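Q: The primary structure of each chain is shown beneath.
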Amino acid sequence: MNGMVARSLKNAVMMLLMGTATLLVLTPLVLIFVHIVREGAGSINLDFFTNIPNPPGESGGGMANGLVGSAIILSMASLFGIPTGIFGALYLSEYEGNRLANVIRFSADVLSGVPSIITGLVAYTLIVVPMHGFSAIAGAAALGLIIIPIVLRTTEEQLKMVPGTLREASLALGVSFWRTTLQVTLRSALKGIVTGILLSIARVAGETAPLLFTSLGNHFWGRKLTEPMAALPLQIFNFAISPYEDWHRLAWAGALVLVVIMFGLSLVARLFGRQKPMA
Amino acid sequence: MSHDEQVRDIDSAKGISGDRIFKMITLGFAFSIILILLLITVGMAVESIPTLKLFGWKFITGSDWDAVQGQFGALPYIWGSIVSSLLAILIATPLSVGTALFITEIAPGKLGGAIASLVELLAAIPSVIYGLWGILVMAPWLQHTVEPFLSDHFGFLPFFRGAPYGVGMLAAVFIIMIMIIPIITSITKEVLLAVPRSQKEAAVALGATRWETIRMAVLPYGRSGILGAVVLGLGRAIGETMAVTMVIGNTPQISLSLLAPAYTMPSVIANEFAEASSKLHSAALMEIGLILLVITLIINITARVLIWGVTRQRTSGGQI
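From first to last, the protein sequence lines stand for chains P and C. Numbering-wise (the working numbering), the first sequence opens with residue 1 and increments by one. Numbering-wise (the working numbering), the second sequence opens with residue 1 and increments by one.
Simulated from the structure, these hints should not be mistaken for laboratory data. Source: prediction; values computed, not measured. Don't take each hint at face value.
[Said to hold, decoys possible] With a Cα cut of at most 20 Å, we get these calculated DMTMM-like pairs of lysine to aspartate or glutamate:
#, chain 1, residue 1, chain 2, residue 2
1, P, Lys-10, C, Glu-212
2, P, Lys-160, P, Glu-96
3, P, Lys-10, C, Glu-105
[As the list claims (entries may be wrong)] One side only, chain C facing chain P, incomplete, derived with CB under 8 Å:
#, residue
4, Leu-37
5, Leu-39
6, Leu-90
7, Phe-102
8, Pro-126
9, Leu-132
10, Leu-157
11, Pro-158
Glycine included, each C-beta is placed from N, C-alpha and C at the ideal position.
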């Protein structure tokens with residue numbers, strides 16, 4: 001039958017097109033990955049982890065100040081972003097069903113779509129201007145704003161997976177609702193929540209735009225939280241757009257380290273989340 | 001004292017007050033999300049009052065940007081953002097949907113799963129690293145290979161005129177496209193997985209080929225969800241900052257040529273805000289941020305509404 005042939009032909013063509021699309025999609029992505037590993041591995045050495053960047057023209061140097069700065073800024077961001085996200089999620093999952101919870105849920109989703117550079121502008125207005133200067137604190141605030149909606153939504157998902165019978169059992173024993181929530185519900189979901197938190201930290205670890213005019217970056221060791229502080233992604237940016245070959249090499253090394261840290265974090269998160277405490 | 005009253009007594013002594021406080025605390029944290037969103041919007045509006053007052057609509061229609069003279073028109077940035085994002089989404093959409101179909105319909109199981117996790121892995125790479133690759137690897141390749149080819153063979157079109165710089169609109173379109181493909185692909189994949197089996201089985205039972213099943217049963221069912229994924233990708237594209245800043249050439253001009261350098265809204269904020277020379281200059285950059293915020297809010301709300309409609313039945317939302 002002619003119709004049948006035409007139909008199978010069309011089928012084959014479409015299958016081929018989809019396969020081609022997949023190949024086209026994977027090619028640049030794989031290329032990027034290969035370049036990061038190859039260029040990065042060639043430029044990395046012990047100096048990278050122990051030294052601060054050398055002035056242009058001098059080879060060598062490292063990004064130790066950026067690594068430490070990133071760790072400090074991320075810790076501060078977590079300190080304020082994670083509790084907000086978790087307590088907010090407790091409200092959404094344990095008192096769900098009202099209209100306010102839906103509005104909050106929707107706001108969180110919308111907030112997570114706001115371009116990250118805008119959280120930088122907000123942190124600038126609220127913190128840099130009143131404090132009369134760029135600071136690590138402002139950078140942490142900007143990143144914290146990004147962490148909140150992610151932690152909120154993943155935590156809520158985890159809390160919802162805790163079976164209702166568990167809550168009921170606790171309540172039936174006469175335990176008050178808030179104790180039940182903290183000691184039974186939250187605890188049962190803890191593993192999944194930690195996984196979500198690690199993933200969210202991995203995600204913001206590479207954020208650059210919110211730090212541009214908050215923590216600003218620093219070529220040296222930052223001594224105070226109220227002063228500009230170096231961060232790994234900022235250094236990668238500044239060195240990538242510089243005209244110096246040595247700095248490009250540092251940028252590649254920084255990119256590799258950043259990717260390894262991020263993937264490492266999410267790998268740990270996934271391994272951690274795999275052993276479920278209870279069904 | 002009746003039994004009921006006793007119970008109430010115990011409750012008020014031990015539990016109820018604690019429960020009420022607990023509810024208030026969690027509500028406070030949850031409500032802060034709404035406050036943050038309001039704070040962002042109102043804060044940026046207030047900060048951009050100086051230019052809102054001084055220029056009015058001319059801020060959007062004007063194309064002079066001179067910090068020294070105090071002239072601020074944002075049109076080249078708005079143009080650059082819209083053109084780069086739309087072109088990127090135009091190319092990214094068929095590729096992403098094709099890949100998602102390949103993963104879910106043609107090669108489900110191990111191969112599809114491997115491709116899906118690779119795509120997801122690459123969605124996690126930060127913007128600044130895409131930018132690094134873009135400026136050090138892709139831009140030179142565009143400058144020496146792609147752009148000379150385009151201007152030699154298609155130079156009669158206004159889109160491919162001019163000297164090959166490497167950095168420019170074409171580079172921005174490419175890098176945005178590469179960055180949003182993983183996002184659109186993984187959401188589309190979720191949407192396609194939500195298509196009920198019975199829907200496909202019905203088509204297969206009627207003797208449909210694989211493609212016919214996709215066209216008649218899978219795509220119509222997932223249409224609004226896929227549209228949502230694309231709109232969400234558009235939101236990401238328009239707010240994309242670092243990678244674009246590094247490859248677009250940062251020149252505020254409106255040119256039809258894809259080879260010419262351009263500028264986008266997030267890029268000008270990224271480049272100029274820390275060194276804004278005057279109050280008016282920072283207000284102008286804030287207003288650009290406000291325009292960007294309003295555009296992304298509209299885009300995101302649209303996308304959420306579209307995606308929620310499809311995936312809600314299957315899972316309870318999740319981090320999309």
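Q: Going through the earlier hints one by one, which of them does the structure break, listed in rising order?
A: 6, 10, 11
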